[in-house]
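K.L.:
Could you put together the complete structure from these sequences and hints?
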Amino acid sequence: SQQGEEDPQALSIQEGENATMNCSYKTSINNLQWYRQNSGRGLVHLILIRSNEREKHSGRLRVTLDTSKKSSSLLITASRAADTASYFCATDANTGNQFYFGTGTSLTVIP
Amino acid sequence: NAGVTQTPKFQVLKTGQSMTLQCAQDMNHEYMSWYRQDPGMGLRLIHYSVGAGITDQGEVPNGYNVSRSTTEDFPLRLLSAAPSQTSVYFCASTLGPVRTEAFFGQGTRLTVV
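Taken in order, these protein sequences are the chains called A and B. Take the first sequence: its position 40, counted from the start at 1, is 40 in the numbering used here, and no numbers get skipped. Take the second sequence: its position 45, counted from the start at 1, is 45 in the numbering used here, and no numbers get skipped.
FYI, nobody ran anything at the bench for these hints, they're computed from the structure. We put the beta carbon where it would ideally sit given N, CA and C, even for glycine. Check the hints yourself; a few may be wrong.
[What the hints assert, rightly or not] In silico contact screen, one side only, chain B against chain A (beta carbon under 7 Å); selected entries:
| id | residue |
| --- | --- |
| 1 | D38 |
| 2 | G42 |
| 3 | L43 |
| 4 | L45 |
| 5 | G105 |
| 6 | Q106 |
| 7 | G107 |
P.N.:
Quick look at the structure:
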């Protein structure tokens, strides 16, 4: 399976701290995306990084991609209580029309 | 825009019953897909469609049928519900191939007893 894995499974931090979560995947990709899921809700797209990019920023989010290690990291800086959610990485395969989602990191930001 | 709309939000079925989960999008997206989300499993692809009249299987298609008669709608049919199909189901759409962001519905929580 192409499915990625996020690490850690759960993360608890104080408000204002940075949160880092990692994603590993198995086969070559065209791009990697990160999504957020608030409890009981659908997934919301956060950021997309292409296979020829190494780093991308969006507001308080910083994503890195290392295709040689088949891994990506998502950094949320100056976390807020509203960042409490589950975060998923999603990859595509070089062939096919499918997303493959990881198992998610559950982030809790304590006010 | 409403985005991706799923109905119903909650459903309880008895084993052996059939039902259809509805999904509609108003963004004129070609690609639509159905996922199920189970604890500790992430999201797993059930079926997907790259355009009206075209569907294909994902990772876990058994027990489910789909059709895509219009660009807007992509219903998921459970043929004979089983307790193993208890899950949260999400419909998603993308403008084009999966190299672009996906928009998700709010989910349908299905319990099969």
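K.L.:
Does B/G42 pass the interface check with chain A, least Cβ-Cβ distance below 7 Å?
P.N.:
With a closest approach of 4 Å, the B/G42 hint holds.
K.L.:
Return the status of the interface hint for B/G107: holds when the least beta-carbon distance to chain A is below 7 Å, violated otherwise.
P.N.:
holds, 6 Å
K.L.:
Take the shortest C-beta to C-beta distance between B/L43 and chain A; is it under 7 Å?
P.N.:
Where the cut-off is 7 Å and the nearest Cβ of chain A is about 4 Å from B/L43, the hint holds.
K.L.:
Would the stated hint for B/D38 survive a check requiring a Cβ distance to chain A of less than 7 Å?
P.N.:
violated, 10 Å
K.L.:
Per the CB criterion, is B/L45 less than 7 Å away from chain A?
P.N.:
Nearest chain A Cβ about 6 Å off; hint holds.
K.L.:
Hint validation: B/Q106 versus chain A, beta carbon distance must be below 7 Å. Holds or violated?
P.N.:
Constraint on B/Q106 satisfied, holds at 5 Å.
K.L.:
With a cut-off of 7 Å on the beta carbons, see whether B/G105 makes it to chain A.
P.N.:
Holds - the Cβ of B/G105 comes within 7 Å of chain A, reaching about 5 Å at its closest.
In terms of the numbered hints stated before, the structure departs from hint 1 and from no other.
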